[in-house]
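S.K.: Note that the protein sequences, when read in sequence, are chains A, B and C. Okay, so the first sequence: first residue is 1 according to the UniProt record's numbering, each after it adds one. Okay, so the second sequence: first residue is 1 according to the UniProt record's numbering, each after it adds one. Okay, so the third sequence: first residue is 1 according to the UniProt record's numbering, each after it adds one.
Honestly, I wouldn't trust all of these hints.
[What the hints assert, rightly or not] In silico lysine to aspartate or glutamate, DMTMM-like type, Cα no more than 25 Å apart, as pairs:
#1 B:K3 - A:D68
#2 B:K176 - A:D186
#3 A:K121 - A:D68
#4 C:K96 - A:E118
#5 B:K3 - A:D133
#6 B:K176 - A:D68
#7 A:K187 - A:D22
#8 B:K144 - A:D25
#9 B:K176 - A:D228
#10 C:K96 - B:D31
#11 B:K3 - A:D186
#12 A:K156 - B:E236
[What the hints assert, rightly or not] Computed Cβ-Cβ distance ranges for the label pairs, DEER-style:
#13 C:Y141 - A:A59: 53 to 63 Å
#14 C:R92 - A:A167: 48 to 58 Å
#15 C:L281 - A:V176: 42 to 52 Å
#16 B:G99 - C:R166: 43 to 53 Å
#17 B:H7 - C:S91: 28 to 38 Å
#18 B:P147 - C:G266: 46 to 56 Å
#19 A:W134 - C:L215: 25 to 35 Å
#20 C:L90 - A:L198: 34 to 44 Å
#21 B:H7 - A:W134: 23 to 33 Å
#22 C:R171 - A:A59: 43 to 53 Å
#23 C:D189 - A:A167: 47 to 57 Å
#24 C:L117 - B:P27: 53 to 63 Å
Because the hints were derived from the structure by calculation, they are not lab data. Keep in mind the model is a prediction, meaning the values are calculated, not measured. Note that beta-carbon positions come from the ideal geometry of N, C-alpha and C, so glycine has one too.
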Amino acid sequence: MTRIVLETQGLRKAFGGNQVIDGIDFRLAAGELVAIVGPNGAGKTSFLNLIAGQFRPNAGTIQLAGADVTQLAPNVPARRGLFRSFQNGGAFGRLSAIQNVALAGMVRGLGRREAESEAGKALARVGLSPVADWPADHLSGGQRKLIDFARLLLAKPEVALLDEPTAGVNPAIMEVMRAIIAEMRDKGVGFAVISHDLPWVFGLCQRVVVLASGRVLAAGSPDEVSADPAVREAYLA
Amino acid sequence: MTKLTHHLVPLLFVAAGLGLSLIGLRPVVADLLILSVYYLLLAGSWNLLAGFAGQYSFAHIGLATAGAYGTAALVIGGGLSGWAALVIMPVAVALLGGGLGLVALRVRGVQLPLITFAFAGAFAVFLAAASDITNGSMGLQLPKLVPGFDRSLYLVLGGILAGLFFIVQNWMIDGKLGLLMQAIRDNEDIAHGMGVGIFRVKIAAFMITAAIAGLAGSFYANYVGVLAPSMLSMGEMGYVVAMAVIGGLGYRYGPLIGVVIIRSIEYFVRGFGAEYTLVIITGVALLVVLFFREGVIAYVSRLMPRQTARWRS
Amino acid sequence: MTQLFVQSLLLGLLQGGLYALLAVGLSLVFGILRVVNFAHGEFAMLGSFAAVFVVGMLGLPVWTGLIAAAVAGAAIAYATNILVLRPIYLSRMRQKGEYTIIATFLLSQFLIAAATLSFGTTYRKLPGLWDQNLAVFDYIYLSGNRIVAFVAAIAMIALLFFIVYRTDIGRAWRALTQNPLGAAVVGIDVNRYANLAFLASGAFAGLAAALLAPLMFVFPASGVIALVKAFIVVIIGGLGSIRGTLFAGLLLGVVEVMGTVYIDTGYTDAYGFALMIAVLLFRPQGLFGRTGRTV
């Protein structure tokens with residue numbers, strides 16, 4: 001059995017009377033890629049926010065690489081090897097592309113010069129070298145999402161949580177993303193990827209977890225999940 | 001602008017200070033320039049805090065005043081020289097600023113401007129009320145750094161302090177701290193999620209800029225020689241904010257441009273009287289804020305599109 | 001001993017009612033627009049000058065001065081919203097919240113400078129409605145003006161509570177406070193209700209300043225002192241909470257008077273600041289404040 005890098009047990013979160021996450025047990029092994037799918041409002045992004053520490057859970061535990069990170073502020077899991085991308089891209093508007101990426105190396109302890117030189121290489125890998133000195137505000141939505149991927153290369157995490165990486169992105173960029181994810185997965189990084197692009201994410205993942213109303217509705221291989229009548233119903237409802 | 005230019009700027013200021021002290025300026029011009037250094041240190045450090053770290057504090061003049069009164073305490077009460085105060089006060093005011101930051105930075109968002117404004121207001125009232133210490137509106141008298149009233153010494157010192165400020169600013173903006181500060185300014189949640197220790201970075205930015213404010217206050221006390229509680233007024237804070245905003249918040253040379261513009265206006269309209277000067281300057285600042293939101297530098301660089309990248313820090 | 005204590009307590013409550021009236025508009029506007037209005041103190045200052053003008057120069061009765069103060073405060077607040085704030089929050093710029101702070105702060109400095117130029121720095125006073133000292137229980141003396149001011153302040157705050165909790169305007173305000181986007185989606189006209197909130201905020205500030213005028217002085221920089229008080233009140237009470245503002249206003253008044261009586265007379269304004277720091281250390285979001293969802 002491979003090493004478990006992320007595990008949640010009985011995770012719950014409510015806002016007011018609204019139970020957003022209603023008891024999720026989840027496990028992710030090193031080198032595994034799990035797709036998290038589900039209808040809008042299923043709690044996918046909230047689930048990532050809980051793991052990353054942006055929300056504090058009302059109940060349950062979160063283990064990251066064997067250590068408990070429940071209730072800790074988001075910078076702590078990040079420093080212990082958790083990477084998280086944001087739905088709208090996590091770029092800092094007035095900073096240049098290269099500075100945006102270098103930050104990911106700096107929080108890992110690199111000096112600024114070293115981080116910027118690594119960031120240059122990462123930008124070349126995702127094809128953003130020509131715009132390395134542009135402020136992120138001047139980049140397109142797809143380019144801003146690629147900044148997240150360049151950061152992923154620098155961050156060298158144990159676990160990466162990606163939130164809708166391919167939404168609004170052209171096929172060429174999707175292919176770059178796929179290649180980076182596959183390469184890092186094969187090096188042992190555990191991925192949890194939220195996506196509405198099922199063919200794309202099913203082509204990458206070993207396992208699918210379907211969320212609905214804050215619970216795990218179904219889990220299994222892409223084929224098993226696609227055939228599950230409960231899943232079809234949840235998507236159509 | 002290249003990195004080399006940024007490193008030449010401090011030298012330029014030191015050389016200018018030396019040169020101007022040798023050619024013998026008219027006293028009114030020398031006074032204008034020397035006090036402009038005080039404002040440059042304040043507007044510049046406020047720009048680092050607000051424009052680069054995104055933390056809008058209204059305690060800055062309060063911290064400078066603490067530096068000035070601390071200098072008076074060391075010189076009059078402690079028998080130290082003004083030179084020693086110039087070294088001690090930045091450290092002392094950094095600690096004061098750190099303490100204020102510990103309280104004010106715990107909650108994010110709009111709490112900081114409110115709390116720092118209340119701090120400045122309460123401190124001003126305290127200075128006016130504690131007339132047994134501050135000698136009320138009569139003020140405290142401080143000796144000069146060297147006997148006699150020689151402005152050339154202060155021109156040299158002013159040039160050195162301005163140069164020092166730009167060295168610290170280069171070190172911050174081009175270093176790790178500057179990038180972390182700007183990330184927090186642009187999006188605190190994402191920075192936090194990437195692993196940036198938000199509170200530590202904010203406190204560091206607060207303490208460093210407080211130290212510069214303390215240095216400015218100590219310089220002011222040593223130069224002006226008379227301290228009155230009116231040094232700490234919201235009007236003065238408005239001046240500093242106006243300088244930083246007119247040049248452009250978040251631009252390396254924004255405050256410098258702002259200081260030059262406002263001090264020039266002040267110099268040319270001084271004949272009308274103090275009330276008019278204040279109306280004109282606050283009016284200009286308000287118009288800039290409403291119609292050229294990002295300040296003069298952004299506006300000018302938009303007129304010359306190719307220069308944009310160079311002016312951005 | 002009890003005599004002094006009861007007298008201080010009453011005096012503190014009377015003073016605190018006015019602090020609450022001064023701050024309540026600030027809190028209301030913040031709740032609805034998420035704007036901290038640094039020119040709020042100048043609404044108060046210009047309101048009190050309007051009262052001085054109407055009563056002192058035109059020789060009209062004192063109560064018309066109160067109306068003039070409220071109208072002037074409301075008019076300036078309305079103009080501020082239209083001319084200074086609306087262009088900012090309708091724009092696409094980054095960091096609007098911070099920018100409104102800068103803009104209103106510079107506006108406040110401009111208004112102070114303009115008032116200094118127009119009215120001079122003379123300290124003016126307004127005659128009161130009830131210039132008599134009242135004996136309560138034989139041994140406690142309270143000035144009639146303070147009682148009038150307190151009763152008026154509480155009546156106005158009660159009116160505000162009524163508007164917020166019992167009228168359609170209030171329902172729209174509360175909807176905007178809780179969920180600006182949602183309120184806009186269901187068809188609440190944000191601009192209209194923001195204007196109304198500013199009108200109310202300016203009227204309350206002007207009225208509070210005119211009620212305070214017989215007890216203190218009217219001068220161009222008086223707004224800064226008013227704003228410091230209002231900030232301390234909203235930080236203690238919790239930004240955006242009207243109930244918190246009322247409670248914190250009364251608390252601030254009592255603490256200030258108690259400190260002045262029992263500790264040292266010179267440092268009245270420092271006690272409020274100390275109270276604020278104490279509250280921040282134990283409850284950073286204020287006594288009635290809530291911490292919300294951040295992401």
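S.K.: Indicate, hint by hint, whether the structure satisfies it.
M.R.: Taking the hints in turn, this is what the structure says about them:
Between B:K3 and A:D68 the alpha-carbon distance is near 44 Å, which puts this suggested pair outside the 25 Å criterion. Distance restraint check for B:K176 and A:D186: the Cα-Cα separation of roughly 32 Å exceeds the 25 Å cut-off, and the hinted pair is therefore not satisfied. Using a Cα cut-off of 25 Å, the hinted pair A:K121 and A:D68 is violated, with the two alpha carbons roughly 34 Å apart. Straight-line distance between C-alpha atoms of C:K96 and A:E118 comes to about 34 Å, which puts the hinted pair past the 25 Å bound.
Note on B:K3 and A:D133: the hinted pairing holds, with a Cα-Cα distance of about 14 Å set against a maximum of 25 Å. A threshold of 25 Å between alpha carbons decides the hint, and for B:K176 with A:D68 the separation of about 29 Å lies outside it, so the pair is violated. The straight-line distance between the Cα atoms of A:K187 and A:D22 is roughly 33 Å, outside the 25 Å bound, and the hint therefore fails. Distance check on the hinted pair: B:K144 and A:D25 sit about 72 Å apart at the alpha-carbon level, beyond 25 Å; violated.
At roughly 51 Å between alpha-carbon atoms, B:K176 and A:D228 are farther apart than 25 Å, so this suggested pair is violated. Distance restraint check for C:K96 and B:D31: the Cα-Cα separation of roughly 38 Å exceeds the 25 Å cut-off, and the hinted pair is therefore not satisfied. For the hint linking B:K3 to A:D186, the alpha-carbon distance of about 41 Å lies beyond 25 Å, and the restraint is violated. A threshold of 25 Å between alpha carbons decides the hint, and for A:K156 with B:E236 the separation of about 49 Å lies outside it, so the pair is violated.
For C:Y141 paired with A:A59, a C-beta distance near 59 Å keeps the hint of 53 to 63 Å intact. In this structure, C:R92 and A:A167 break the distance hint of 48 to 58 Å, their C-beta atoms being roughly 22 Å apart. Look at C:L281 against A:V176: about 50 Å separates their beta carbons, and that is inside 42 to 52 Å. The beta-carbon spacing between B:G99 and C:R166, approximately 45 Å, falls within the hinted interval of 43 to 53 Å.
Taken as a hint, the range 28 to 38 Å holds for the pair B:H7 and C:S91, whose Cβ atoms sit roughly 37 Å apart. Our hint of 46 to 56 Å for B:P147 and C:G266 is violated, since their Cβ atoms are close to 36 Å apart. Judged by the Cβ atoms, the range 25 to 35 Å given for A:W134 and C:L215 is violated: they are separated by roughly 59 Å. The hint said 34 to 44 Å for the Cβ distance between C:L90 and A:L198, and at roughly 40 Å that hint holds.
Evaluation of the 23 to 33 Å hint for B:H7 and A:W134 yields a pass: the beta carbon distance comes to about 24 Å. Taken as a hint, the range 43 to 53 Å is violated for the pair C:R171 and A:A59, whose Cβ atoms sit roughly 35 Å apart. A hinted range of 47 to 57 Å for the beta carbons of C:D189 and A:A167 is inconsistent with their spacing of about 32 Å. Range check, C:L117 to B:P27: about 28 Å between beta-carbon atoms, so the 53 to 63 Å window is missed.
The structure fails hints 1, 2, 3, 4, 6, 7, 8, 9, 10, 11, 12, 14, 18, 19, 22, 23, 24 (numbered hints given earlier, in ascending order).
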